[in-house]
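Visitor: Chain residues, written in single-letter form:
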Amino acid sequence: MLAGDADRYRTKMDALLVRLSGDLDLGVADKLRITLDEHLNTKKIKYLIMNLSRVTFVDSSGLGVILGRYKKLTPFGGKVILVGAQPQVKRILELSGLMQIMESYLDEANALAKIV
Amino acid sequence: MLAGDADRYRTKMDALLVRLSGDLDLGVADKLRITLDEHLNTKKIKYLIMNLSRVTFVDSSGLGVILGRYKKLTPFGGKVILVGAQPQVKRILELSGLMQIMESYLDEANALAKIV
Amino acid sequence: MKAVNCCSIEFHSIAENVSFARVAVAAFASQLDCTLPELEEIKVAVSEAVGNAIIHGYRKQTDKTVRLTVKIYKEGLEIIVEDSGQGIDDIDLAMQPAYSTDPERMGLGFVFMQSFSDRLRVESTPGLGTTVTMFKHIGIRGAKARAN
Amino acid sequence: MKAVNCCSIEFHSIAENVSFARVAVAAFASQLDCTLPELEEIKVAVSEAVGNAIIHGYRKQTDKTVRLTVKIYKEGLEIIVEDSGQGIDDIDLAMQPAYSTDPERMGLGFVFMQSFSDRLRVESTPGLGTTVTMFKHIGIRGAKARAN
Ligand SMILES: Nc1ncnc2c1ncn2[C@@H]1O[C@H](COP(=O)(O)OP(=O)(O)O)[C@@H](O)[C@H]1O
Ligand SMILES: Nc1ncnc2c1ncn2[C@@H]1O[C@H](COP(=O)(O)OP(=O)(O)O)[C@@H](O)[C@H]1O
Numbered sequence: 001m002l003a004g005d006a007d008r009y010r011t012k013m014d015a016l017l018v019r020l021s022g023d024l025d026l027g028v029a030d031k032l033r034i035t036l037d038e039h040l041n042t043k044k045i046k047y048l049i050m051n052l053s054r055v056t057f058v059d060s061s062g063l064g065v066i067l068g069r070y071k072k073l074t075p076f077g078g079k080v081i082l083v084g085a086q087p088q089v090k091r092i093l094e095l096s097g098l099m100q101i102m103e104s105y106l107d108e109a110n111a112l113a114k115i116v
Numbered sequence: 117m118l119a120g121d122a123d124r125y126r127t128k129m130d131a132l133l134v135r136l137s138g139d140l141d142l143g144v145a146d147k148l149r150i151t152l153d154e155h156l157n158t159k160k161i162k163y164l165i166m167n168l169s170r171v172t173f174v175d176s177s178g179l180g181v182i183l184g185r186y187k188k189l190t191p192f193g194g195k196v197i198l199v200g201a202q203p204q205v206k207r208i209l210e211l212s213g214l215m216q217i218m219e220s221y222l223d224e225a226n227a228l229a230k231i232v
Numbered sequence: 233m234k235a236v237n238c239c240s241i242e243f244h245s246i247a248e249n250v251s252f253a254r255v256a257v258a259a260f261a262s263q264l265d266c267t268l269p270e271l272e273e274i275k276v277a278v279s280e281a282v283g284n285a286i287i288h289g290y291r292k293q294t295d296k297t298v299r300l301t302v303k304i305y306k307e308g309l310e311i312i313v314e315d316s317g318q319g320i321d322d323i324d325l326a327m328q329p330a331y332s333t334d335p336e337r338m339g340l341g342f343v344f345m346q347s348f349s350d351r352l353r354v355e356s357t358p359g360l361g362t363t364v365t366m367f368k369h370i371g372i373r374g375a376k377a378r379a380n
Numbered sequence: 381m382k383a384v385n386c387c388s389i390e391f392h393s394i395a396e397n398v399s400f401a402r403v404a405v406a407a408f409a410s411q412l413d414c415t416l417p418e419l420e421e422i423k424v425a426v427s428e429a430v431g432n433a434i435i436h437g438y439r440k441q442t443d444k445t446v447r448l449t450v451k452i453y454k455e456g457l458e459i460i461v462e463d464s465g466q467g468i469d470d471i472d473l474a475m476q477p478a479y480s481t482d483p484e485r486m487g488l489g490f491v492f493m494q495s496f497s498d499r500l501r502v503e504s505t506p507g508l509g510t511t512v513t514m515f516k517h518i519g520i521r522g523a524k525a526r527a528n
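Residue numbers (the working numbering), protein chains in the order written: chain Y, 1 to 116; chain A, 117 to 232; chain V, 233 to 380; chain D, 381 to 528.
Don't take each hint at face value.
One-sided and incomplete, this derived list gives chain D residues near chain Y with beta-carbon spacing under 10 Å [to be verified]:
no.	residue
1	S399
2	R402
3	E420
4	T481
5	R485
For each label pair, taking beta carbons as the anchor points, the in silico distance ranges come out as [claimed, not checked]:
no.	chain 1	residue 1	chain 2	residue 2	range
6	Y	K31	A	D223	42 to 50 Å
7	Y	Q86	A	I217	41 to 49 Å
8	D	R501	Y	K31	42 to 50 Å
Straight-line alpha carbon distances no greater than 25 Å define the calculated SDA-like cross-link-like pairs of lysine to any residue that follow [claimed, not checked]:
no.	chain 1	residue 1	chain 2	residue 2
9	V	K292	D	T442
10	V	K296	D	T449
11	V	K303	D	Q494
Hints were generated in silico from the structure; no laboratory data involved. Ideal placement from N, C-alpha and C gives every residue a C-beta, glycine not left out.
Work out the full structure, taking the sequences as your base and the hints as a guide.
Guide: Have a look at this one:
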């Protein structure tokens, strides 16, 4: 479900918008990390916008993928921006502290407006 | 979920309309049978209209409850009428032969029109 | 044929666990690319086999153990339901459509298990218990296998 | 305290089974009147414990067995996750927030298990394996227990 379908990944200038769906857990973490990094590396991305509105579950393995991308981008002035997390996912993001270090917006338009 | 909530059972003349929901399997069969029979016995019901539109699953234990009520009502000229079964439920009703011996309608209005 | 993945579930012979068993098998089976109708068929087959273990095998004694094993193969799914209940005297008779030792029941359990799987094997020893093994081809491989 | 219902699930140490384990426990737990947030908490706690068994206990060897036991009590739910993997040397250290032996991970597994259960017990023998036991009060009884 988290396959790197082309239409889930959109690039706009130095921003990568990715629309995730399903459960972000250990079962999908490796594949997601690899796919994200391929996009980040080949396209000189500075801003990673993750649309989480269709993500139904996240645990610490899923959070690890998000935090890992954050650590990759921030040294170069980049950012990870979270969009539209559902309540149960938002709660985990908050408990972990990720919500406090990353910007988050209700929808993609707001997120994109901030960086372009 | 299959509890005998008053608003799931409506009587109109000698017809009982029951709106079922959830999975009709062994776990709920006994309770459903007892509740249905209480209504059938105390109210002199001739026509039992079962709205299945919110039933998500049925197996042979669930079918047994439906067939049992059919056997109870037909000797007195009564009927069991099925309404709005979803495709997967309809398929099991058809395979079992119940769909062939009972009338079925797409919605409650059509079913009620037939008996009043 | 080597299983790609395997799980084994044991639970008490309580009627409410039929629904648990069904959902658990469907969740496991979803690792194969099942279609929705295939998943529905699996759920019905599991319900019937587990229901039988509880009603017939254990005669509704609720403190017994039902064991469910699910194996994922490249070609499909194997589901094994075991009880240590009273067993079946005449398996051929028991498997006949509409045959039931319980007048309240329809005798359709084995009919559904047969319709919804590609291979059904029933082993039983009176007094010792019953094992039902079902194999179902899944996905493109399943469609091909059925076409041949 | 006697369990009202109990199930035990064994599966291979494959990452895909984390999702199966989560769904199976949630399906079983739904026999108690769980709220949706309670179910979400249970799912996260199970994910973390099963994930740890696979990554840390078995270091991603996929042919090992993880055992999950769920017991339903009137007061709530007990979840036990066992592996026969490498075990934990210093349990107190391992349970500290943000501590992880894997630089790629966040060290939040035990934090979530602790936050989302009412009692957490970790037993481990280096070389022999780890058992994580969580108890969670559910429903009105759970709310009352938490208020006291
Ligand atoms: N696990 C079992 N243990 C003992 N007897 C069984 C078992 N499964 C099936 N049977 C016997 O086989 C008969 C037919 O089973 P089935 O086709 O499922 O119909 P039903 O459950 O409606 O009776 C049952 O009535 C029962 O006598
Ligand atoms: N089942 C286990 N077997 C062996 N070691 C474990 C197990 N569970 C946890 N640990 C150890 O405890 C540490 C902390 O675990 P946890 O809080 O879940 O964080 P993380 O999984 O992110 O490392 C792990 O890094 C690991 O060293």
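Visitor: All hints, please: hold or fail.
Guide: A quick look at each hint next to the structure:
1. S399: 5 Å, holds
2. R402: 8 Å, holds
3. E420: 4 Å, holds
4. T481: Interface hint status for T481 of chain D: violated (14 Å vs cutoff 10 Å).
5. R485: With Cβ-Cβ at 5 Å, under 10 Å, it holds.
6. Y:K31 to A:D223: 42 to 50 Å: 45 Å, holds
7. Y:Q86 to A:I217: 41 to 49 Å: Because 46 Å falls inside the window, the suggested range holds.
8. D:R501 to Y:K31: 42 to 50 Å: With Cβ atoms ~34 Å apart, the hint is violated.
9. V:K292 to D:T442: Roughly 38 Å separates the two Cα atoms, so the pair is violated.
10. V:K296 to D:T449: Given pair K296 of chain V, T449 of chain D holds - Cα atoms ~16 Å apart, limit 25 Å.
11. V:K303 to D:Q494: 33 Å, violated
In summary, the structure is inconsistent with hints 4, 8, 9, 11 from the numbered list given earlier, while agreeing with the others.
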